[in-house]
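Construct the complete structure from the given sequences, taking the supplied hints into account.
One-letter residues, chain by chain:
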Amino acid sequence: MTSRTLRTLAIAGATGAAVVLASPATAVDESQLDGYDNVSCDVMAMPGTATATYIDESVHGPYLDGDNEWVALTLTSDDGAVEVEMPEYGQTYDSDGGAVIREITLCQGTAVEAADDDAAAQDDEDAEQAPAEEPSDAGAEAADDEAAEDEAAGPAVETGGPVREAGVSPLLIGGAVLAAAGAGAAAIGVRRRDLQRR
Amino acid sequence: MSTRLLVPTGLLVGALGVSALGVQAVSAIQGTDGRPVHAEGDGAPTWVTVPGAGLDREPIAPEGLTPQGTINPDQGEAIWYAGSERVVPGQVGTAVIAAHVTYYDEPDVFYDLAEVSDGEVITVGYGHGGTRDFVVTSTQQVSKEGLQRSDAVWDDQQEVARIALITCDPSLGQRSDGGQRANFVAIAEAVDG
Numbered sequence: 001m002t003s004r005t006l007r008t009l010a011i012a013g014a015t016g017a018a019v020v021l022a023s024p025a026t027a028v029d030e031s032q033l034d035g036y037d038n039v040s041c042d043v044m045a046m047p048g049t050a051t052a053t054y055i056d057e058s059v060h061g062p063y064l065d066g067d068n069e070w071v072a073l074t075l076t077s078d079d080g081a082v083e084v085e086m087p088e089y090g091q092t093y094d095s096d097g098g099a100v101i102r103e104i105t106l107c108q109g110t111a112v113e114a115a116d117d118d119a120a121a122q123d124d125e126d127a128e129q130a131p132a133e134e135p136s137d138a139g140a141e142a143a144d145d146e147a148a149e150d151e152a153a154g155p156a157v158e159t160g161g162p163v164r165e166a167g168v169s170p171l172l173i174g175g176a177v178l179a180a181a182g183a184g185a186a187a188i189g190v191r192r193r194d195l196q197r198r
Numbered sequence: 001m002s003t004r005l006l007v008p009t010g011l012l013v014g015a016l017g018v019s020a021l022g023v024q025a026v027s028a029i030q031g032t033d034g035r036p037v038h039a040e041g042d043g044a045p046t047w048v049t050v051p052g053a054g055l056d057r058e059p060i061a062p063e064g065l066t067p068q069g070t071i072n073p074d075q076g077e078a079i080w081y082a083g084s085e086r087v088v089p090g091q092v093g094t095a096v097i098a099a100h101v102t103y104y105d106e107p108d109v110f111y112d113l114a115e116v117s118d119g120e121v122i123t124v125g126y127g128h129g130g131t132r133d134f135v136v137t138s139t140q141q142v143s144k145e146g147l148q149r150s151d152a153v154w155d156d157q158q159e160v161a162r163i164a165l166i167t168c169d170p171s172l173g174q175r176s177d178g179g180q181r182a183n184f185v186a187i188a189e190a191v192d193g
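Chain order of the listed sequences is A and B. With the working numbering, letter number 3 in the first sequence gets 3, and the count goes up by one each step, no holes. With the working numbering, letter number 95 in the second sequence gets 95, and the count goes up by one each step, no holes.
Since the hints were made in silico from the structure, they are not lab data. Fair warning: there could be bad hints in the mix.
Here chain A is said to cover these stretches of chain B; the calculated rule only asks that three of the stretch's residues, wherever they fall, bring their Cβ under 8 Å from a Cβ of chain A [said to hold, decoys possible]:
1) 68–77
2) 105–118
3) 139–147
4) 160–170
FRET-style restraints, in silico, Cβ to Cβ [what the hints assert, rightly or not]:
5) B:D42 <-> A:E88: 32 to 40 Å
6) A:Y89 <-> B:E106: 32 to 40 Å
7) A:A179 <-> B:T46: 51 to 59 Å
8) B:D56 <-> A:G182: 48 to 56 Å
9) A:P62 <-> B:D74: 18 to 26 Å
10) B:S176 <-> A:L64: 28 to 36 Å
All values reported here derive from a predicted model rather than from experimental measurement. For every residue, glycine included, the Cβ atom is placed at its ideal position computed from N, Cα and C.
Below, the structure written as structure tokens:
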């Protein structure tokens, strides 16, 4: 039985970025989680400008429950979502087309024990294929992944700092208040004058 | 000694002399006392001096990734990155030192990092009072994506103590949300490895 919980791990940033919980239907492809039990997903807002995310054991590892393993990663940007099966520590995953990532969804679960399948696999000469591995990755995609793993990779360095938002000037607010007060006083004065004339 | 041997012998002796002078110069640059470098305790790095960036004994402290998986120091702080198998500045391997270039549009610690040039000497100081000098070997502007795949920063070299000073670079412009598109990186290596 597969259960899913969404937990928000967003950190309140200086910009007060709002956390948007991803719709489970769009954040995670159900079919990619087949074969795993106790599946749960963590959704985390990305208030910065990162176009890639780095999966680090020291950062993400503590969120794993029990014997769970990371089974899916979804990078959601304005241009769409990139889904990664079996994300690994030490790897950097990019958004689609270099788009700024708005949030990431990390799903964990426990591989379903398939005793019967294992027994059958021992008798099968094709047992060299690891049964727990993802069965349907295209060859070209796998080759790309291997090539990516060969490259040195690290996390994004976001050292631009937040930009001061163009807020309303205090001078402007003060001026507006004074103008409104003046208009009100003038209106009252005119009204009183009219009353006195009557 | 025959005249025929005098010239090559003289050249050899001269070359040895030049080498000796080079070693002396290198030793003067290193300024290291051989004391150990560690992530914690007296051997931990505590400050960095980057003359070209106008930094003199700027405090540095270890920091890991943000929950978003990025390196993002606090305002006004320089950090050395304790993650992704990066080493402590001064240890053989590659260490990362990072700080913001601006913060809320105001200059931050690495505001002038782009002024650093090749050959400049950067000094890291440690809790036990020792120092270690590094010579800048390269500087470059690199896209955010390019930095994440930079061998100079993220490879697993074990030949030399290297530091990568990193900040953001506004020269490639900003994204729609105000974030910058590029980083600036200065690579410096300890002469003695």
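Stated coverage of the region 160–170 of chain B by chain A [criterion: 3+ residues, CB within 8 Å]: n = 4 at 8 Å, threshold three: holds.
Between A179 of chain A and T46 of chain B, is the Cβ distance one that fits in 51 to 59 Å? 55 Å, holds
Does 18 to 26 Å hold as the CB distance between P62 of chain A and D74 of chain B, or does it fail? Taking Cβ atoms as reference, P62 of chain A and D74 of chain B lie about 21 Å apart, which means the hint holds.
Do three or more residues of the region 105–118 of chain B come closer than 8 Å to chain A, measuring C-beta to C-beta? Contact hint for the region 105–118 of chain B vs chain A: holds, 3 residues under 8 Å.
Could one say that the CB atoms of D56 of chain B and G182 of chain A fall in the range 48 to 56 Å? 54 Å, holds
Are there three or more residues in the region 139–147 of chain B whose C-beta lies closer than 8 Å to some C-beta of chain A? holds (count 3)
Can the suggested window of 32 to 40 Å be confirmed for the beta-carbon pair Y89 of chain A and E106 of chain B? Since the Cβ atoms of Y89 of chain A and E106 of chain B sit about 36 Å apart, the hinted range of 32 to 40 Å holds.
Please count how many residues of the region 68–77 of chain B have a CB within 8 Å of a CB from chain A and say whether that reaches 3. holds (count 7)
Okay, S176 of chain B versus L64 of chain A on CB: inside 28 to 36 Å? 34 Å, holds
With respect to the beta-carbon atoms only, verify the hint that D42 of chain B and E88 of chain A lie 32 to 40 Å apart. 36 Å, holds
Violation of the numbered hints given earlier is absent; every hint is satisfied by the structure.
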